[in-house]
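Make the full structure from the sequences, and use the hints.
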Amino acid sequence: MVTKQISVFIENRKGRLGEILDVLKEKDVNILSMSLADTAEYGLLRIISDKPQEGKTALSAAGFSSMLTDVFILKVPHTPGALQNILRIISEEEINVEYMYGLSVGGDDASIVVKTSDLEKADATFEKHGIETMSFCEI
Amino acid sequence: MIWSKEETLTRAEMEALQLERLKETVARVYAKVPYYRAKMDEKGVKPQDIQSLADLSKLPFTTKQDMRDSYPFGLFAVEQDEIVRIHASSGTTGKPTVVGYTRGDLDTWTDCVSRIACMGGASHKDVAQICFGYGMFTGALGLHYGLEKIGAAIVPSSTGNSEKQLMYMQDFKTSLLVATPSYALRLAEVARGLGIEPEKDLNVKIALVGSELLTDAMREEMHLAWGRDVKITSNYGMSELMGPGVSGECLEHCGMHINEDYFLPEIIDSETGEVLPAGEKGELVITCIKKEGLPLIRYRTKDITRLFYEPCACGRTTCRMENLSGRSDDMLKIRGVNVFPGQIEEVVLSIPELGPHYEIIVEREGYTDKLTVRVELNKETDSFAELQRIESATRNKLKVILGLDAKIRLESPNTLQRFEGKAKRIKDLRKV
Numbered sequence: 001m002v003t004k005q006i007s008v009f010i011e012n013r014k015g016r017l018g019e020i021l022d023v024l025k026e027k028d029v030n031i032l033s034m035s036l037a038d039t040a041e042y043g044l045l046r047i048i049s050d051k052p053q054e055g056k057t058a059l060s061a062a063g064f065s066s067m068l069t070d071v072f073i074l075k076v077p078h079t080p081g082a083l084q085n086i087l088r089i090i091s092e093e094e095i096n097v098e099y100m101y102g103l104s105v106g107g108d109d110a111s112i113v114v115k116t117s118d119l120e121k122a123d124a125t126f127e128k129h130g131i132e133t134m135s136f137c138e139i
Numbered sequence: 001m002i003w004s005k006e007e008t009l010t011r012a013e014m015e016a017l018q019l020e021r022l023k024e025t026v027a028r029v030y031a032k033v034p035y036y037r038a039k040m041d042e043k044g045v046k047p048q049d050i051q052s053l054a055d056l057s058k059l060p061f062t063t064k065q066d067m068r069d070s071y072p073f074g075l076f077a078v079e080q081d082e083i084v085r086i087h088a089s090s091g092t093t094g095k096p097t098v099v100g101y102t103r104g105d106l107d108t109w110t111d112c113v114s115r116i117a118c119m120g121g122a123s124h125k126d127v128a129q130i131c132f133g134y135g136m137f138t139g140a141l142g143l144h145y146g147l148e149k150i151g152a153a154i155v156p157s158s159t160g161n162s163e164k165q166l167m168y169m170q171d172f173k174t175s176l177l178v179a180t181p182s183y184a185l186r187l188a189e190v191a192r193g194l195g196i197e198p199e200k201d202l203n204v205k206i207a208l209v210g211s212e213l214l215t216d217a218m219r220e221e222m223h224l225a226w227g228r229d230v231k232i233t234s235n236y237g238m239s240e241l242m243g244p245g246v247s248g249e250c251l252e253h254c255g256m257h258i259n260e261d262y263f264l265p266e267i268i269d270s271e272t273g274e275v276l277p278a279g280e281k282g283e284l285v286i287t288c289i290k291k292e293g294l295p296l297i298r299y300r301t302k303d304i305t306r307l308f309y310e311p312c313a314c315g316r317t318t319c320r321m322e323n324l325s326g327r328s329d330d331m332l333k334i335r336g337v338n339v340f341p342g343q344i345e346e347v348v349l350s351i352p353e354l355g356p357h358y359e360i361i362v363e364r365e366g367y368t369d370k371l372t373v374r375v376e377l378n379k380e381t382d383s384f385a386e387l388q389r390i391e392s393a394t395r396n397k398l399k400v401i402l403g404l405d406a407k408i409r410l411e412s413p414n415t416l417q418r419f420e421g422k423a424k425r426i427k428d429l430r431k432v
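Note that the protein sequences, when read in sequence, are chains R and X. Take the first sequence: its position 3, counting from 1, is numbered 3 in this note's numbering, and each next residue is one higher. Take the second sequence: its position 161, counting from 1, is numbered 161 in this note's numbering, and each next residue is one higher.
In case anyone wonders, no lab produced these hints; they're calculated from the structure. Be aware that a few hints might be false.
Below, a list of computed lysine-lysine pairs in the DSS-like style, where the Cα atoms sit at most 30 Å apart [unchecked claim]: (1) 46(X) / 23(X); (2) 422(X) / 149(X); (3) 379(X) / 51(R); (4) 379(X) / 27(R); (5) 14(R) / 427(X); (6) 4(R) / 379(X); (7) 424(X) / 14(R); (8) 25(R) / 379(X); (9) 407(X) / 397(X); (10) 379(X) / 121(R); (11) 14(R) / 407(X); (12) 125(X) / 95(X); (13) 14(R) / 379(X); (14) 427(X) / 281(X); (15) 164(X) / 205(X).
Have a look at this one:
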């Protein structure tokens with residue numbers, strides 16, 4: 001099952017991240033996880049939230065270049081090698097991981113956010129191998 | 001529709017008229033303007049030396065500096081009480097240049113603008129909204145009287161308050177827009193933000209744009225913003241010469257017709273001052289041959305263009321000047337390379353993932369010039385690879401066109417400054 005991630009283009013400029021967070025706070029959008037990747041000049045902020053559509057709309061209206069991206073949230077058992085096991089399966093199916101980052105939730109399991117190539121194939125692969133995917137509503 | 005019979009004279013008729021007017025003007029400024037008399041005496045040229053149009057090259061040039069030296073009224077060729085209107089340039093780089101008009105000059109001006117409005121497809125049926133700043137700037141009042149003369153209904157909305165401008169456009173069914181190209185784009189952008197689709201919800205059919213370069217790429221951008229069928233023509237002028245109405249583009253889009261029965265054009269090599277043959281690129285020099293208040297002789301416009309004398313498919317026979325490729329003033333010298341902002345604009349507009357707004361920053365690091373172009377991202381993306389592709393496509397294209405390596409700075413939409421008047425897109429931070 002895919003979930004919607006908000007992706008925002010962000011210039012490396014003082015206060016820019018704060019402006020984005022202000023917009024989301026204004027709309028009462030709760031951030032469940034985020035990753036900020038950057039180059040010298042700009043970055044991409046990726047956000048898993050409880051209201052992706054509303055968050056994206058508010059950010060676009062505020063003038064931020066933002067979009068919704070389909071990603072997977074995968075449940076990963078808290079045991080050594082668990083993540084490696086998942087990645088091996090993905091790799092064997094010749095699916096590429098474009099990026100991934102951790103999602104902090106309590107409990108026995110951890111989760112990661114993964115953006116892959118070929119969404120349908122990835123979804124089927126996870127299903128076949130019993131890798132649990134979650135939507136943001138379940139977090 | 002062709003407004004004046006002077007626009008269709010044969011070459012011989014036009015040249016006879018020009019020579020008659022030139023001789024009269026030179027005799028008059030020699031007699032009435034001490035500044036000109038001194039300059040002509042210094043060059044050893046007398047009014048009677050002007051016997052053919054080719055003799056024009058014997059006369060001294062006039063520059064913006066001459067106008068500043070004679071501030072405010074030193075170059076006027078009539079008594080003060082014959083002046084009925086005064087305009088001035090903004091004077092951002094020194095004393096403003098002041099221009100004065102007699103009643104006859106205002107009639108001439110109106111006639112010139114009526115001609116270029118007709119060239120652009122305007123008629124008495126139009127509702128013309130003038131989004132140029134009313135005031136000392138000649139643009140607004142020039143277009144105002146010329147359009148009024150042909151019978152259009154004028155909406156003198158001036159600049160600013162884009163929401164209100166759009167309200168007038170909707171409620172008055174504005175069919176003709178007068179603006180700078182960049183403000184026309186800005187209006188379309190604000191319209192979309194308000195949920196107004198310019199092509200569907202507004203009635204604009206004609207855009208007369210001026211006071212900024214209209215590159216082909218910018219014209220295309222305007223068509224995207226305002227609709228494929230909108231007739232977009234550029235027109236040219238400057239306050240020193242009169243204001244808008246010196247030349248204008250017809251719907252054939254093959255250069256701007258010069259009102260050469262009033263403005264005698266030449267092209268010179270801006271370094272040597274030598275007159276260049278028709279068709280060669282150089283600085284435009286204009287002699288006002290029918291001005292009363294301020295008849296400038298061989299005024300150096302600093303604008304780079306070419307002249308063509310072949311009759312146009314539109315039926316007019318007046319000389320055409322190519323749409324400007326830049327101003328010798330605006331030209332930047334970066335690492336020894338001549339760069340016109342228009343070239344950078346062309347590249348920016350050709351990259352679909354970028355918006356039409358940009359800013360050029362030139363800095364000096366040590367002994368090296370550094371060129372940075374700030375552009376707005378027009379496409380949402382989640383991929384660094386794509387951002388890098390856009391960046392390098394822009395940089396490569398700039399390298400091909402300019403022969404220079406530039407740094408590209410991608411920005412969020414709507415971050416760069418928007419302009420209502422002339423856009424100021426260059427920041428030259430080099431200390432000279």
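Hint check:
no.: 1; hint: 46(X) / 23(X); result: holds, 11 Å
no.: 2; hint: 422(X) / 149(X); result: holds, 26 Å
no.: 3; hint: 379(X) / 51(R); result: holds, 22 Å
no.: 4; hint: 379(X) / 27(R); result: holds, 24 Å
no.: 5; hint: 14(R) / 427(X); result: holds, 21 Å
no.: 6; hint: 4(R) / 379(X); result: holds, 18 Å
no.: 7; hint: 424(X) / 14(R); result: holds, 25 Å
no.: 8; hint: 25(R) / 379(X); result: holds, 25 Å
no.: 9; hint: 407(X) / 397(X); result: holds, 12 Å
no.: 10; hint: 379(X) / 121(R); result: holds, 27 Å
no.: 11; hint: 14(R) / 407(X); result: holds, 20 Å
no.: 12; hint: 125(X) / 95(X); result: violated, 41 Å
no.: 13; hint: 14(R) / 379(X); result: holds, 23 Å
no.: 14; hint: 427(X) / 281(X); result: holds, 27 Å
no.: 15; hint: 164(X) / 205(X); result: holds, 19 Å
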